[in-house]
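> Using the working numbering, you'd call the opening residue of the sequence shown number 27 and step up by one each time.
These aren't lab readings, by the way, just hints derived from the structure by calculation.
Bear in mind the structure is a predicted one, so any value in this text is a computation, not a measurement.
Yeah, the Cβ is synthetic: ideal placement off N, Cα and C, and Gly gets one too.
Do not take every clue at face value.
What the hints assert, rightly or not - Have a look at the derived ranges for each label pair, beta carbon to beta carbon:
| hint | residue 1 | residue 2 | range |
| --- | --- | --- | --- |
| 1 | G282 | G166 | 31 to 41 Å |
| 2 | V201 | A51 | 23 to 33 Å |
| 3 | R48 | P266 | 45 to 55 Å |
| 4 | P266 | E45 | 16 to 26 Å |
| 5 | A51 | H233 | 34 to 44 Å |
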Amino acid sequence: MPRMLDVSDDVRAEIGDEEADRLLAGGDAPGSYDCTSCRTPGDSEQERTSTVLFVGEETAVLAFAHATCIPSQVVPVSEEQLQGAVRSITGEDAAPHTGAQAAPATAIPTSERQATLGITCGLVLVEDDLRPALVVEPDGPIARPGSVGPGDDFLPLLLEQGFQPVSDMNRLPAVIPGWSALLAMGKLHAVLQPSSGGSQAAWWQAHQPLAVSDGWRTAANKAQTVLMYAAPAGTIGHQPREDLMRQALEQAAAQGKLVAAAMPLAGT
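Using the sequences provided together with the hints, build the complete structure.
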C-alpha cells in the first residue's frame, strides 16, 4: 500500500530515485514506526511521515518521523554518533534518562585544551514561555590555546565567538550565527560551531548521546531554537531540579559570570 511519505530532494539524492520510488510505493517503508523526533508511534499509512536520513562517514540510516515534528532531511553525523544511534534503536543502548534533565554529559571541546565540559539540559522560563536550554560549565579553568598562564579564559573565548553577557534571565539571548545544537534520534549529540569553508565543526561532542526529556524535545521542536548558557567552573554546579538550576543561573548573571546565545536546532 502506498505510504504518506515525504521524501525531500536531498534525501532522494542520497538514496537514489529507485529507492525513493520504492519507499513511496510502500515497498521498504514500515507502516508503523517510532518517530525519530518525539519518539511516539506513527503510521505512514494514516498520517504524513518524513523520511530522515542520518549519514555518517561509512554508514547511512534511514529513519521516519511525523511530518508535523520535522521535515524530511539529511542529517550529517559522525560515524561514532551514528553507531550509537543504531544501538539505541536496536535496544542495545542504555535506557533513556527520565529524571529532571539536570543530568550532565561531559566531553572535551575541540577548540580548547585542558577542559572537560558538563552540559545540562533543562527548560527555562523566558518571556512567559518555557524554552529548551543547555547549561555549559567546565570542571576547571579553560586555557586559551597556546596559553600557559593560570587564568580562566572560558567566558572571554565565548565572547569572542559572539556570545553575550546575561544581565536579565527574562530576556531572550540573541541568535549566534553559524552555531547549532544537533539532536539525532531524540538525543543530544553535539553543539556545532562555524569552521573554515562555511561548514561546521563540533565545539562540544557527547561521549555518549544525551537523552533529553519529552518536554525539552517538544519545546525544541516547537521553537526550532535552543538557548545555551555558559558559566565558569564552580558557578552553577550540577543542580538536580530545573528550579534550582534557574536560581543558579540568576545568581551567575547577577555576578557577571554568565553568557548566552540562541542557536537553531539541527536534526531531530
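> A separate judgement is required for each hint: does it hold in the structure or not?
Each hint, compared with the structure:
G282 and G166 have their C-beta atoms about 20 Å apart, which leaves the hinted 31 to 41 Å range violated. With their beta carbons about 41 Å apart, V201 and A51 fall outside the hinted range of 23 to 33 Å. Checking the proposed 45 to 55 Å range against R48 and P266 shows it holds: the Cβ atoms sit about 49 Å from each other. P266 and E45 have their C-beta atoms about 47 Å apart, which leaves the hinted 16 to 26 Å range violated.
Taking 34 to 44 Å as the suggested C-beta distance range, the pair A51 and H233 conforms, at roughly 41 Å.
Checked against the numbered hints above, the structure violates hints 1, 2 and 4; every other hint is satisfied.
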